[in-house]
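Asks: Here's the letter readout for the chains.
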Amino acid sequence: MSLETKIYQKENNLKLGKLVKESLGDMYRSRFLARQLATRDIKAQYRQSYLGIIWAFLTPLATAAVWIFLNKSGTIQITDTGIPYPVYAFSGTLLWSIITESLNAPTASTKGAGGIISKINFPKEALIVSGIYKMLFNSSVKIILLLAFIFLYGVGFHWSQLLFPFVMLGAVLFGTTLGLFITPLAMLYSDVSKIISMGLSFVMYATPVVYAIPESGIMKTVMELNPFTPFILTARDTLTGLAPEYLVYMLVLLATCIPLCFLGLVFYRISIPVLVERMG
Amino acid sequence: MPKENQHKTIQNPQFKEDNQNRTSQNVQSNADNPQPTTQNQEPITENQEPRTKNQELTTHNRQPTTDNPQPTTDNPQPTTDNQVLIKVENLSKKFCKDLKTSLWYGVKDLVSGIAGNKAERELRPKEFWAVKDINFELRRGECLGLIGHNGAGKSTLLKILNGLINPDAGKVTIRGKVGALIELGAGFNPILSGRENIYNNGAVLGFTRKEIDAKVDEIIAFAELEEFIDMPVKNYSSGMRVRLGFAVAAQMEPDVLIIDEVLAVGDLGFVLKCFKRIDTILPNTAIVFVSHNMPMVSRICNKIILMDRGVAKFQGDEVGKAIDQYYTRFSNNNSNVVFDDGNLELVKAKLLGAKNLNNIPHLHWGDDFQLYLKFKINNLQIVPSFHVLIFDKEQRPVAIFDSNKEQYLLDKKDTYIEFNVLHHNFQLSKGMYNVGLNIYKSERRDPIMRINDLLKFQILHDIDVSPPFFLKSNFKFISNV
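In the order they appear, the protein sequences are chains V and Y.
Counted the way the working numbering counts, the first sequence spans residues 838 to 1117.
Counted the way the working numbering counts, the second sequence spans residues 2 to 482.
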């Protein structure tokens, strides 16, 4: 029986290909851990409540109800979006929350596991995967609601809706890639998380989340360049069966995200010991 | 796991011998003792030799012990079971004292880490070496004790061995599966039940769902928590939580086991159970054991490193010697009068008939023990009752002398009490001891004075045993002809 040999020394012989392979290998080996961590957190979240999982539906429903009320009562006047406003707003916020949650998930899971990271050696990739699981769980509830809205408001079935999950996964990839690069810095300085959350709230207004891109003006240019825009618009277009205008931009972004995501995984992997050292 | 163990043991009958070697080694480390027998022991004594040469690593003399590898070829049975599982070469790690600077260095390290920092690491401002030039090798079946005072670098070393942090210099090579008992119950969520948390903890420790499914009943039984297993863990007592954590961790079958102070918690029964478990996996495992519990260390370790400020102050097979050195750091505390009501004042305490070496009186085994004591009387009418005790280096009381029976009245003119305590043919075994003294007004009542570390002495003898007494004996063989 040959034994697995591990060598620890100051980092040298960094081979990108080998590190990516190790990282993906660990991700595969730790699939049970990732699922276990996600179920643990989801269970714990709803364990101490009577309504339990119902809360996962109640919160987005309440938010949707507010928009519908505001729109119906004429409190807010919004340029015609071409589709029923509740569907527009709900799909926008859903996609937005998927991107921001996947952006924050690596940091949140790594911080949440701070206690065990500094004590036990386990594949840290599991933390990232468990973060994605949790985010997908939360989103899936919202997606069910979104589907209900689509039919309630008469948008109906379109074949392109089958592409929606792929656009959503693309958004997850985009967010996670950004998150992987942010996490190591955010673990060191709490400023980073603050800047990110503040920055995101600004970016949301420069993204067609609850309103459409204006016809002209500087805001039009900004929103068109904004890398968050193509994901949200394409996702919405697949749902409503419109021609996706930003498909190319989104595909270009995804094509750059894939190598960057591997790079992010490697960066995360090699930064963990440095972080553990500082966390004690 | 026990099944597995048995299985392995059957495969390799040599384990048993290994174990015997281990235990006899402490006794035997003074190789003058010709008795301990036969071939079995020979390989070990041979192995010991290269190391004894440079056993005492001072900061100036940092000859890496591992550069002196034990010749495996000399080993009559080079089975896979005593292969080197841990090899540590010139291991160093630095830390930063200041948080803000540390974070900034962290950012720099992140950047240089991407580029693959091969440069020699120097101390930057505000940094210090938490671990410096540590070398050792550990084989299957061996247990290395890591002792040292708080902040000596033990935990840092463990973290490097466990792969949690990267060294700044040197190299660690570990073969096989590594298990760490550094934190018990990692991954527990307090709101979930004990049963659910077995899965959480097991997953963190690297078990698969199937493995846990198969072991869950055994784990619950080992933790003795059948009744409470479906209760939220937050309602567990801390002892129960630790028990559950250990029960899960005990299912690991590591080649290398790293144990930190975790076992200190829990009641006696639990601790004994833990050590029983450790004993069963010991022959198949290389263990690194960090503890402040010296009796435990001397019980299970056959190699030792005494760390002080990151460097190995003592390293070798002589566990007892390292423990002695560890205790010397404490014994310099001079506030040894624990209680004093002011009626008596110690003037002098001396061991008569002892040779002084390095300011410590030395007696030979079998000499007479003669303690001279002199007190100044401040306010006493009657001679009090003196109780002289002897403590071993682990501060366990090993003997008490019968107290003075006569308690005559003191004259007003008397200003001193002077006396000798005599014990013929003193048979304490080789080692360092302490004398303690309790003084009571009458037999065991109304304490006047209590001194813990009155004086130290050393017993010289050529036989080194771990029990505190080495008693003279006559064997009379009865012929049945």
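Everything labelled a hint here was simulated from the structure, so no lab data went into it.
The beta-carbon is built from N, C-alpha and C at its ideal position, and this holds for glycine as well.
Wrong hints could be hidden among the right ones.
Covered stretches of chain Y, going by a simulated chain V footprint (3 or more residues, C-beta under 8 Å) [as the list claims (entries may be wrong)]:
no., region
1, 99-107
2, 166-179
3, 218-230
Stretch-level coverage of chain V by chain Y, calculated; a stretch enters the list once three of its residues show a Cβ under 8 Å from a Cβ in chain Y [said to hold, decoys possible]:
no., region
4, 878-890
5, 895-904
6, 955-962
7, 1022-1031
8, 1043-1051
Asks: Tell me, which hint numbers fail for this structure?
Replies: 3, 5 and 8
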